[in-house]
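Colleague: In order, the protein sequences belong to chains A and B. The C-terminal residue of the first sequence carries number 1528 in the working numbering, and the numbering is unbroken. The C-terminal residue of the second sequence carries number 292 in the working numbering, and the numbering is unbroken.
Rather than coming from a laboratory, the hints here were simulated on the basis of the structure. C-beta: ideal position from N, C-alpha, C; glycine also. Worth double-checking, as some hints may not be accurate.
Stated by the list, open to error - Here are some, though not all, of the chain A residues that point toward chain B, as calculated from beta-carbon distances under 10 angstroms:
id : residue
1  : ILE1439
2  : PRO1442
3  : GLY1508
To be verified - Distance windows between CB atoms, simulated:
id : chain 1 : residue 1 : chain 2 : residue 2 : range
4  : B       : GLU256    : A       : ILE1328   : 41 to 49 angstroms
5  : B       : LYS101    : A       : PRO1418   : 34 to 42 angstroms
6  : A       : VAL1267   : B       : LEU206    : 25 to 33 angstroms
7  : B       : THR140    : A       : VAL1483   : 23 to 31 angstroms
8  : B       : LEU84     : A       : GLY1306   : 37 to 45 angstroms
9  : B       : PRO186    : A       : GLY1297   : 50 to 58 angstroms
10 : A       : SER1339   : B       : ILE273    : 31 to 39 angstroms
11 : B       : ALA152    : A       : PRO1418   : 52 to 60 angstroms
12 : B       : THR185    : A       : GLY1297   : 51 to 59 angstroms
13 : A       : SER1339   : B       : THR104    : 34 to 42 angstroms
14 : B       : VAL141    : A       : ALA1416   : 51 to 59 angstroms
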Amino acid sequence: MKLTAKTLVRCVILISVILMFLFPVYYMFSVSFSSKPHIEEGALVPDSFLGNWIDMINGYGGIGGPGITNSIIISVSCVLVSLSMSIPAAYAISRYRFMADKHLFFWFLTNRMTPAACLVLPYLIMWRALGIWDTLPGVIIAYNVFNIPVAVWLLASFMAAIPKEIDEAAFIDGYSLWGYFRRIFLPLIKPGIAVTSFFIWMYSWSEMFMASVITSVNSKPLNAQLVVSLGRVGWGVEYGIASAAGALTILPGLILVYWARGYLAKGFTFGRI
Amino acid sequence: MSKYLILPAILVIMAVGLIPLFVLINYAVQTPYAHENVFVGFGNFQKVLTDQRFLDSLRRTVVFAFTVLCLELPLGLGFALLLYEKGKLNTLISTIIIVPALLPPISIGLLWRLLIKTAGPIGQLATVFGLGYDPFRTASHAYATILVMDVWHWTSLITIVVSAGLAGMDRTPVLSAKTEGATRWQIFRHIELPAIQFPLVFVSLLRLIDALKIYDEVLVLTAGGPGLTNEYVSLLIKTKSIEEWLVGTGAATSLIYLFIVLMLCYALLIVMTRGRGVI
Chain A
1256 MKLTAKTLVR CVILISVILM FLFPVYYMFS VSFSSKPHIE EGALVPDSFL
1306 GNWIDMINGY GGIGGPGITN SIIISVSCVL VSLSMSIPAA YAISRYRFMA
1356 DKHLFFWFLT NRMTPAACLV LPYLIMWRAL GIWDTLPGVI IAYNVFNIPV
1406 AVWLLASFMA AIPKEIDEAA FIDGYSLWGY FRRIFLPLIK PGIAVTSFFI
1456 WMYSWSEMFM ASVITSVNSK PLNAQLVVSL GRVGWGVEYG IASAAGALTI
1506 LPGLILVYWA RGYLAKGFTF GRI
Chain B
14 MSKYLILPAI LVIMAVGLIP LFVLINYAVQ TPYAHENVFV GFGNFQKVLT
64 DQRFLDSLRR TVVFAFTVLC LELPLGLGFA LLLYEKGKLN TLISTIIIVP
114 ALLPPISIGL LWRLLIKTAG PIGQLATVFG LGYDPFRTAS HAYATILVMD
164 VWHWTSLITI VVSAGLAGMD RTPVLSAKTE GATRWQIFRH IELPAIQFPL
214 VFVSLLRLID ALKIYDEVLV LTAGGPGLTN EYVSLLIKTK SIEEWLVGTG
264 AATSLIYLFI VLMLCYALLI VMTRGRGVI
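Here chain B stands alone, though its shape is the one from the complex (with noise of 0.2 angstroms):
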């Protein structure tokens, strides 16, 4: 029976995916005391709900999420639309922009910070000009910074997609609107929008679920600074869970942040899942 092959596969995700979500809820309901583990119920997720430092961290985290989704779809679908038509040039471009894509999040915060610093080329040309400009003390210039580099990572994501969309889709009908005499922005409306609205829609989730789970390049960049004026959930977790061992409070954050990570992940199955079968 070949149907039986699924099995190691379950398996494995069971022991390092299913088991330690238990963990986590057997951590999250109890609370030390007196070197022992006493069982509070919901106290630590009422803890956490009401901790100003959480609730600051997730509003930051989620406005960041939809900013940089903001900024990537028009770039990122610009970019697909202006690189549609074939040649060597516009492989060149498309070959080039993909690379942040590729490359390890820790490494592109390195990167960035490189940039950054005062004796980096940006941080140069802010002082040749006179703008003032420190993120290592300024909150909303690191912030500006976390932006522009997420987009600079991720545009390409964007473009790559949806261009794959588009070179699926059916030509006919464009070239027919074109000597009807539509107008550039109504093929785009009425033709080209329809037929990459799945991948649009996938790939917007997907970026939307990333951008919530942002750790690596803001810990490099600035770890959350200047104070914590940058600190998102990720970071607030791994501060408290592991850095201060408050096993029963982190271990609550990790469930509320799953929990919502989980919502947007069940709005991408309806997407995925839409008129198709699984595969």
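With the rest of the complex left out, here is chain A (with noise of 0.2 angstroms):
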């Protein structure tokens, strides 16, 4: 009797969550398969409209289209630079002591924590004058900002765990500085690197405020555009569509969630935790 009373009470509480994290996914994911009709009579099943995704695939209506492989070159790019950049000076860091190390840590917090509100006007202005204004390369450089520090801390908590004597091991038997690097160092922290690649990925992934002011019609990744779709009031807001776009958005995440939950902590804390 009581263990079908704690079983009971362990159902209750699993439907609960699932129905209260996973139901307003599931909804956005059914709007999205949904007819227009359909979802204004505001049915929880779809009826398989196909036409949504393919008109969001297609770019009609603003959304997707050129968005989408927009914000798959910024995310993938965004990864590969601020990686080249973050794994040179995360071994820095990791290896020696800096003169006011505080500081520099303070200083690359800090940009991790601007909001992007501050950002934005200097960036419109500077990215007009140097011409980089509404292009991808404009956008990926912007990302640079909260991406870098974020990176570099992540990987340098990485690599402090591993120790100094190998480096010097290595050098003693000759090995060059990019030959250690290529040859023992990275695939030491090959899981730092993967976990570093995440968020970087994710972080540009989902930024949008940034990329609505500097992007206009060349460059908009998919976030930039749904909001300006979400934004047409006076229009009416084709949900369908947007659905489509936002249930693109989220797929990912939804994808990783089972692998990078061990990572969570350490990522969204800087390694610290």
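Join these two chains into a complex; the hints should help.
Modeller: Following this line, the structure appears as structure tokens:
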């Protein structure tokens, strides 16, 4: 009797958690597969209407199409660009003591914490002056301001776990710095690089505020397109297509959540916990 | 000298983090007058700090940040303590509750807008029960929705960070306290709480700073509406400096906002580096 009561409580808890956290996600997918009259009826089960996804992938109605490719290009390039600068920096930080390293750390931290709202105005002015406004490289450069600080300290926390003696032994054996990195060091911190890449990718894929200001027509990522289309209040919002785009933006997170759950605490706290 | 490997990262952060700051300062002390920028010193700051719209949005943002923290902290802590024991069910639940933390904030806003619109599930439920719930016309309903949305989005962050802290603690004092007959509350208050103090303070400051920056979700949900009743500072800055192109006051507002966030950042730094190095 006791066992059944306990099982019942557990079932109730599980069902309520699923209802609370997964139902909204399900509903977005459901709306994305529903036709317009079906959405307006407020049905919870989709009527297997593929039009929204087809429109979204082709970019009708200003959402999707080139936006999807832009989003993918931006987030993947951000990972490559930020990693190429963060791995050397993190190595230096984990191996040497710097003068005023607390101040350096604070400076990096402030860049991660700066509200995007404070940066959009200078970026708009600077990017226009430099001629990289509304280009993909412009967006990729701008995102470094959040990505590099996180990546450097996350990687440094992984690198600090690798003893200095390995470096010394490798250098005595005649490895060059580059050879040591390629043959020994990078394979050792592979998990750290994977976690850091995931976090850089996640920030760049999710960011919308800066993208909506420093792009206009040629290089708008999916998120920024979504905001524009949801802002057209007078025209009546196309919830179907918007949901299809929203569903696409949340899909990678849903797929990776099981893998990422063990690293989330580390990633959100700059490798401190 | 592999010490200099740090230089590329520093140069890039200077280019994208430091120069924009100087650009902001440059524009904040000038005001356009007949196609020319005229130096006005602190004039723009004075204008911003006496602007009722800015003061309202600032008060709203600070109150919002502290409110969500007060809601999320006990909830997240409770989840972490409940999910402490390992098991299939607990792993499943903790995986499910972190889903929102991985989704783009803008999609969270869209998700909730779908739920609360009149034909959405919550909108329908409200109609059935006759609650008169209308976030698109009533300011307090919109505010409540934003609070619930933020709790839904970020409570799990506190849970996972606290769980990581709990997982790293030594369990022997808990066991001996249990044999001595300590109550659950005593164990929590005197053994577990001191052990998770660092992660708890850390994640609270992190949440506070991120809550001050709220933009995407509110923009999509009601665009700061109805009217200006839910306009937070970042929405105000976007409207002023980008849409109305009031560069001087926009830059001054940005700097004031940045200053507040940086003060909290400094508190976070003190917590992070207390008793240990920067790595």
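Colleague: Give a verdict on every hint.
Modeller: These are the hints, each one checked on the structure:
The beta carbon of A:ILE1439 is not positioned within 10 angstroms of any beta carbon in chain B (closest approach about 14 angstroms), and the interface hint is therefore violated. Annotation: A:PRO1442 was flagged as interfacial toward chain B, and the flag is violated, the nearest CB pair being 18 angstroms apart, outside 10 angstroms. Because the beta carbon of A:GLY1508 sits about 4 angstroms from the nearest beta carbon in chain B, less than 10 angstroms, this interface hint is met. Separated by about 28 angstroms at the C-beta atoms, B:GLU256 and A:ILE1328 break the suggested range of 41 to 49 angstroms.
Roughly 37 angstroms separates the CB atoms of B:LYS101 and A:PRO1418, a value that falls within the hinted 34 to 42 angstroms. At about 29 angstroms, the beta-carbon gap between A:VAL1267 and B:LEU206 stays in the expected band of 25 to 33 angstroms. Hint check: B:THR140 to A:VAL1483, Cβ distance near 30 angstroms, so the stated range 23 to 31 angstroms holds. The hint said 37 to 45 angstroms for the Cβ distance between B:LEU84 and A:GLY1306, and at roughly 40 angstroms that hint holds.
Checked against the given bound of 50 to 58 angstroms, the beta carbons of B:PRO186 and A:GLY1297, roughly 54 angstroms apart, stay inside it. Distance hint for A:SER1339 and B:ILE273: a CB-CB separation of about 34 angstroms, consistent with the stated range 31 to 39 angstroms. Hint check: B:ALA152 to A:PRO1418, Cβ distance near 58 angstroms, so the stated range 52 to 60 angstroms holds. Here the CB-CB span from B:THR185 to A:GLY1297 is close to 55 angstroms, well matched to the stated 51 to 59 angstroms.
For A:SER1339 paired with B:THR104, a C-beta distance near 36 angstroms keeps the hint of 34 to 42 angstroms intact. The hinted range of 51 to 59 angstroms is satisfied by B:VAL141 and A:ALA1416, whose Cβ atoms lie roughly 56 angstroms apart.
Consistency with the previously given hints fails for numbers 1, 2, 4, ordered from lowest to highest.
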